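S.K.: Chains Z and X, in that order, are what the protein sequence lines are.
Residue 1 is where the first sequence starts when you use the numbering used here, and the numbers rise one by one after that.
Residue 1 is where the second sequence starts when you use the numbering used here, and the numbers rise one by one after that.
Among these hints, one or two may not hold up.
Ranges between beta-carbon positions, derived for each pair [what the hints assert, rightly or not]:
(1) X:G392 / Z:A71: 53 to 63 Å
(2) X:K422 / Z:A71: 50 to 60 Å
(3) Z:G21 / X:H389: 43 to 53 Å
(4) X:G404 / Z:R36: 32 to 42 Å
(5) Z:E50 / X:F378: 28 to 38 Å
(6) Z:D20 / X:Q116: 32 to 42 Å
(7) Z:N19 / X:E255: 45 to 55 Å
(8) X:T171 / Z:N19: 47 to 57 Å
Treat the hints as calculated values from the structure; they're not laboratory data.
This one's a predicted model, so the numbers in the text were calculated from it and none came from an experiment.
Beta carbons: idealized from backbone N, C-alpha and C, even for Gly.
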Amino acid sequence: MAHTIRHPLTRNRVYSVENDGRVRVQADNTDETGDRWGHFDNSGRWLGGELLHADPQMCRHMFAHWQLTQADVKGGADD
Amino acid sequence: MTELDDLDETAGLRSRGISYQAVLDTDTHEVPPVLRLQSDRYLGSHDVAVDRYISREYHELEKQRLWPVVWQLACREEEIPNPGDTYVYDIVDTSILVVRTEDGTIRAYYNVCLHQGRTLRDEGGNAAELRCPYHGFCWHLDGSLKRVPSRWDYPTVRRDNFSLKEVRAETWGGFVFINMDNEAQSLASFLGDIDQHFERYPLTDRYIAVHTVKYLRANWKVAQEAFMEGYHTIATHPQILPATGDETGQYDAFENYSRAINMTGVASPNLRWTPTESEMAAVSFNSGNPVESTADGLMPGGTTFRVWGAQMGRDALRPVLGDAADELCDSELMDSFFYTVFPNFHPWGAYNRICYRFRPYGDNHEQSIMETYILEPFTGERPPPAKPHVIGFDQTHLDAPELGILAEIFYQDELNIPNVQKGLHTLAKVKPSGVTYGVYQYNKIRHFHNLYEEYLGVGKDAAEQEEGR
Ligand code: FES
Ligand SMILES: [Fe+2]
């Protein structure tokens, strides 16, 4: 299961990670501004997309989890 | 008026969330008395001036009044199991050599050759004798003088005046502590009644499964304080809030040590929604906090995550502990128990397995070393201790995947630590009173600072501190 998290405090933001490690934050399609998303780095710096803000520590968590899972996958392939 | 406008300052204020003691009332197993113990002394609401984190003067005071007189962790006994095994422990500008002697006792010396002052050993390892690599002055493992090259040239050097300078070494829980003060109370008396907190999960019967050594750009106190309260969870580790009671933790200050207990399987009172038991399990297994209800099915129905998770914990420990695993209560298997022994030693309780040590990086007051030991229980022969894994200033804990989930957690903490050090220099200019700690959740940190002020002989505010010097 892909690691996808709805922010426990800001419930209308869903965090996931792209294959290259960029954190994707999706805003729920619940308000009039419509479907929006943004890409952020491992410290919450904006990289692209309409959504400009993200929780840096949540980005940190998503990136860390992604990186360690990658390492697992690579380690497994080497065995 | 909002709650930000007015709050009576009253000792005894607590989170509106369920208390740890109330959660213990629901435990399915008998709860040991030590978990019922509460020692939440009111330690004040004053601010703490920032000089102690950023000024060289405070670092020099620590060198005079703290490190030379306090019991401090040097190494684990298992790191020097055989006669001739040595361990080099460096604290600021002093190097200590811990040695397992012929008769199996542990001794410690200042790690310096009494001839011309070279450090006697550069690192640990086994040695038949303690011979200086420079000119070859040599000592027995018991510290007595053994050999002097060109003996004829040293008429003042005699066996009775040239023994290595000894430092006190005593053990607790499989750890070797040293103290440079010959007049200091014994380690056992310094630790007081701490044994009651560890007797059900002896730290002696553990081995170092993981040992990381992380260099940080922050004062050692800034670094360790990032691991002494659960308050920062709301901003630093938001992903675990659905399964962590963050502000509902219990904090207790004892004589030379303190304790915090943070609950797992109890949702944060700061959430505006109620996680299901399965959602809590999903967070704890780090499998995500599923967007839709994909967490359903992770757990059997009709039970709580605490009860179910605790039983899984017992099952996991049974191969090592045998039937004793079944005596552990839900809290012991689910919650975090983080202790601090003044000034810088942080063993965790139950089978949490974690232990930290923080100290300055060399003689530098704005850099520090954070060590993490994972102490695993074992059966049969003692496994060899893991070698320390050094993680440099510009690396992160993600470079230590052997830490598992802790690597992810520390990766978040280390985003704050150097930035606190940076910010404190600015704070010094704009807020003379210093940092504002919580009254209750900073109980451990306030307890530390009260003791720290006693050792250093300084007062609480900046003006008083000036007089104290
Ligand atoms: S909120 Fe604690 S340092 Fe800023
Ligand atoms: Fe943390």
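S.K.: With reference to the structure, classify each hint as holding or not holding.
M.R.: Hint check results:
{"no.": "1", "hint": "X:G392 / Z:A71: 53 to 63 Å", "verdict": "violated (18 Å)"}
{"no.": "2", "hint": "X:K422 / Z:A71: 50 to 60 Å", "verdict": "violated (30 Å)"}
{"no.": "3", "hint": "Z:G21 / X:H389: 43 to 53 Å", "verdict": "violated (23 Å)"}
{"no.": "4", "hint": "X:G404 / Z:R36: 32 to 42 Å", "verdict": "holds (35 Å)"}
{"no.": "5", "hint": "Z:E50 / X:F378: 28 to 38 Å", "verdict": "violated (54 Å)"}
{"no.": "6", "hint": "Z:D20 / X:Q116: 32 to 42 Å", "verdict": "violated (57 Å)"}
{"no.": "7", "hint": "Z:N19 / X:E255: 45 to 55 Å", "verdict": "holds (54 Å)"}
{"no.": "8", "hint": "X:T171 / Z:N19: 47 to 57 Å", "verdict": "holds (51 Å)"}
Violated hints for the displayed structure, listed by number in ascending order: 1, 2, 3, 5, 6.
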